[in-house]
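Colleague: Sequence:
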Amino acid sequence: MRILGKLALGSAMAVGLAATASAQEEKTLESVGISVGLLGNPFFVATIEGITDAAKEINPDVEITSVSADYDLNKQVSQIDNFVASGVDIIMLNAVDDSAIAPAVKRAKEAGVTVAAFDVSAPGAEVTVMTDNVAAGTIACEYIVDQLGGEGNVAIIKGPSSSSLNDRFKGCSDVFAAADGITVVSDDQNGMASRDGGLEVMQGLLTRFDDLDAVFGANDPMALGAQLAARQLDRTDIIITGVDGAPDTEEALQTEGSLLKASASQDPYGMAAEAMRLAHDVFQGNPPEEDTVLIQPELITAENVDEYQGWTAER
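Residue numbers for the sequence shown follow the working numbering, beginning at 1 and rising by one.
Source of the hints: derived by calculation from the structure; they are not laboratory data. Treat the hints with care, since some could be wrong.
Distance windows between CB atoms, simulated [claimed, not checked]:
(1) Gly87 x Pro247: 28 to 38 Å
(2) Asn153 x Gln232: 16 to 26 Å
(3) Asp70 x Val184: 27 to 37 Å
(4) Leu73 x Ala302: 35 to 45 Å
(5) Asp210 x Thr65: 18 to 28 Å
(6) Gln284 x Thr183: 24 to 34 Å
(7) Gln284 x Asp210: 20 to 30 Å
(8) Thr183 x Pro123: 31 to 41 Å
(9) Ile64 x Ser161: 24 to 34 Å
(10) Thr65 x Thr255: 36 to 46 Å
All C-beta atoms in this analysis are idealised placements derived from N, C-alpha and C, irrespective of residue type, glycine included.
All chains, full assembly: derive it from the sequences and hints.
Modeller: Here you go:
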């Protein structure tokens, strides 16, 4: 397993792409299929851009097909099967269920298709590139504990079952468990990784717990939804953190009175582009020595957001 910081990843990707573009390839990359959790999430828009740019560095004429699974396992399974039937060379997969997707991945590999996972692990994928999500949950919830002075009532808003969200939950849970003065009042509510889901869960939490001090949303859309619910109920004293470093989060952190105080950042563009490069190596019969790459997150707050190079920064 390799662990890369954001700058290291960018350098590795640039060198790798240059080498790939200049080398004489044995096989031509003709088509790539991409399946993501939800196209409405700007995170996945950035991943598709990263994959597309990396693939076109390899072959400007490559055909790219991207589809949204809408966090529906059956839908994603059908998408994978359809990619195989259409004869794609590589499937770039953001698994909506990090265990149940295994049979579909196996079928694709048996058909000779290279499968690469990004953001979320998938059993059988030949390469995986993702954020160190345990670390992301850890730093986001350490911020909460620090801001509360080690004492208070907190909640965790979970998401659908995926390795990334589950790892963030673990990192956060371990931090809260280690703080004697922290009481976790709820950690089993699924915000469906969406703003509407976070809003709905937070409305329920605030109805049940009038002494709630802080909330961790396992991704930024859920955290932003939680903030909206708190404002609707005139709660201005709650600390909210998330994971992603999304453009809407940048705006929130720059807004006076924001309840969203911090987010553990990701680099969706770089992550997905690196996964595409490694997938192409596998496609050419050159699998990497390490099949999993972890990218270290950074904690973004109001104090450092102006220096943050976010998802929409020029590449």
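Colleague: It remains to establish, for every hint, whether it holds in the given structure.
Modeller: Each hint tested on the structure:
Distance hint for Gly87 and Pro247: a CB-CB separation of about 36 Å, consistent with the stated range 28 to 38 Å. For Asn153 paired with Gln232, a C-beta distance near 20 Å keeps the hint of 16 to 26 Å intact. Checked against the hint of 27 to 37 Å, the pair Asp70 and Val184 passes, with Cβ atoms roughly 30 Å apart. Between Leu73 and Ala302 the beta carbons are some 38 Å apart, a value that agrees with the proposed interval 35 to 45 Å.
A hinted range of 18 to 28 Å is violated for the C-beta pair Asp210 and Thr65, which are about 49 Å apart. Take Gln284 and Thr183: their Cβ atoms lie about 53 Å apart, and the range 24 to 34 Å is violated. Separated by about 59 Å at the C-beta atoms, Gln284 and Asp210 break the suggested range of 20 to 30 Å. Distance hint check for Thr183 and Pro123: the Cβ-Cβ separation is about 36 Å, which falls inside the suggested range of 31 to 41 Å.
Distance hint check for Ile64 and Ser161: the Cβ-Cβ separation is about 28 Å, which falls inside the suggested range of 24 to 34 Å. Thr65 and Thr255 have their C-beta atoms about 38 Å apart, which keeps the hinted 36 to 46 Å range intact.
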